[in-house]
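Let the sequences and hints guide you as you build the complete structure.
Chains as they are written, first to last, in the working numbering: chain A, 1 to 134; chain B, 1 to 134; chain C, 1 to 134; chain D, 1 to 134.
Pairs involving identical chains hold if they fit within one copy or between any two copies, as the list cannot separate such chains.
Below, simulated SDA-like cross-link-like pairs (lysine to any residue); rule was C-alpha separation at most 20 Å, straight line:
hint, residue 1, residue 2
1, Lys-92, Ser-9
2, Lys-13, Ser-67
3, Lys-13, Glu-36
4, Lys-53, Ala-15
5, Lys-7, Glu-104
6, Lys-115, Arg-87
7, Lys-92, Val-110
8, Lys-53, Gly-72
9, Lys-53, Lys-115
Hints are computed from structural coordinates only; laboratory data are not their basis. Computed from a predicted structure; not experimentally measured.
There are 4 protein chains.
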Amino acid sequence: MEKNDYKYSYSRKVAFKDTDMAGVVHFTQLLAYAEEAEHEALLQAGVEPISGKGGFPKVHSSCDYRSPARYGEVLEVCVGIAELSARSIQWKFALYRADQLVCEGDFVTVLVNTKGMPEGIDDALKAMLASLVI
Amino acid sequence: MEKNDYKYSYSRKVAFKDTDMAGVVHFTQLLAYAEEAEHEALLQAGVEPISGKGGFPKVHSSCDYRSPARYGEVLEVCVGIAELSARSIQWKFALYRADQLVCEGDFVTVLVNTKGMPEGIDDALKAMLASLVI
Amino acid sequence: MEKNDYKYSYSRKVAFKDTDMAGVVHFTQLLAYAEEAEHEALLQAGVEPISGKGGFPKVHSSCDYRSPARYGEVLEVCVGIAELSARSIQWKFALYRADQLVCEGDFVTVLVNTKGMPEGIDDALKAMLASLVI
Amino acid sequence: MEKNDYKYSYSRKVAFKDTDMAGVVHFTQLLAYAEEAEHEALLQAGVEPISGKGGFPKVHSSCDYRSPARYGEVLEVCVGIAELSARSIQWKFALYRADQLVCEGDFVTVLVNTKGMPEGIDDALKAMLASLVI
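As structure tokens, this is what we get:
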């Protein structure tokens with residue numbers, strides 16, 4: 001996938017705390033940036049990521065780390081929905097420093113109610129998310 | 001205060017993720033270690049730090065950082081209660097690498113119910129905490 | 001101090017990961033937000049917070065927590081320098097949700113070289129930081 | 001894979017800070033626990049995870065999240081090496097709460113020198129890691 005194939009882009013500056021003693025952003029923090037972008041994309045589509053009705057926990061994450069990100073860099077975090085079914089949402093994400101790929105991967109999320117029980121993704125929700133589908 | 005004046009001691013190994021690009025543990029993570037020790041001390045006294053009844057949020061934290069902590073070190077995190085009133089608990093903490101002080105400080109916590117409303121610290125709870133009072 | 005007495009203001013949206021099971025931002029993360037604002041203020045004054053020459057580790061932090069911050073809120077993180085000496089910088093910070101105070105506190109930082117050895121804060125650096133002095 | 005097929009097991013108690021407002025451990029923190037176990041396994045094999053010579057950054061991570069982990073639980077973090085080549089190490093990991101699977105996944109790491117340049121995994125290192133191979 002190319003950078004422009006994603007449906008939503010979120011700008012994130014690397015904080016000092018996000019780095020580790022190797023001088024680069026810790027791999028878990030790159031995934032946290034991707035989640036921030038996922039949540040912002042949901043909000044843009046009119047969907048609350050976490051609310052009094054429930055949320056979208058991850059049942060899968062995967063990421064390939066291509067080049068390290070460093071303190072002070074502003075990363076472009078690109079996301080989009082690769083697959084949208086009645087049971088889950090598969091997100092694709094990629095983090096860029098200008099045109100250089102930092103990492104890319106995917107999340108699978110499900111919709112749960114406040115008791116953590118899975119709910120189906122109905123047509124109304126699918127319609128709201130349609131603009132994010134790659 | 002001396003190391004032996006504290007009432008409870010907790011051993012914590014520094015994880016890679018807890019370091020930053022300066023090669024040392026981030027200052028906020030040292031406070032997180034102190035909170036872990038506070039919670040373990042409460043458990044040892046028979047008090048649940050967080051439960052279906054509520055918890056002990058911090059209303060104050062203060063810390064002096066004396067020497068950096070590094071990856072792989074095993075820190076001794078010492079805690080005790082300096083002041084115990086009907087309204088709040090003042091904890092003192094100090095983190096040591098062997099006999100060298102890493103940092104020392106204090107927390108003030110209050111007891112709240114699950115709605116976040118303050119509850120008094122009653123005599124039964126005070127009795128349970130008595131063994132932690134410095 | 002009032003909100004307008006600070007010299008620099010930084011806007012920070014609360015991420016999901018920054019919350020804890022009490023449903024609010026963890027107290028250590030509020031300090032991390034304050035550090036982000038400190039670093040942005042330094043950059044605005046033309047000073048690199050961390051560079052090939054060294055950085056500004058904290059030797060003290062203190063904070064009073066007034067009201068919890070929650071997921072999705074955009075906090076205004078206000079900072080300024082309360083005292084600037086040849087040996088250290090004392091920052092004051094306050095985090096607001098609109099006009100409501102979330103927390104307020106201070107940091108004391110020193111300048112160190114890449115070996116972690118303290119350096120004096122010379123007149124050139126003081127001049128650069130002057131605009132941040134409260 | 002079964003729990004006993006892994007070669008190393010690490011016990012990790014869930015800290016309050018590791019939870020999020022959904023009341024469970026954040027997915028990125030489960031990966032951090034897996035990294036702690038990876039590092040402890042390396043140490044047990046006589047290999048420094050990060051040293052003056054370099055380290056083992058991740059080029060890939062993948063994880064399936066099966067059941068949430070909660071505050072205070074003691075997780076058993078199981079790791080082993082699934083594939084060991086001249087260029088990379090593929091780790092498998094699984095986190096358990098007693099016999100219940102919390103999550104399972106894999107990391108691919110490479111060996112780099114202090115400049116971040118890849119180094120081959122030579123026979124001496126392979127011999128040290130042999131006891132961790134599944």
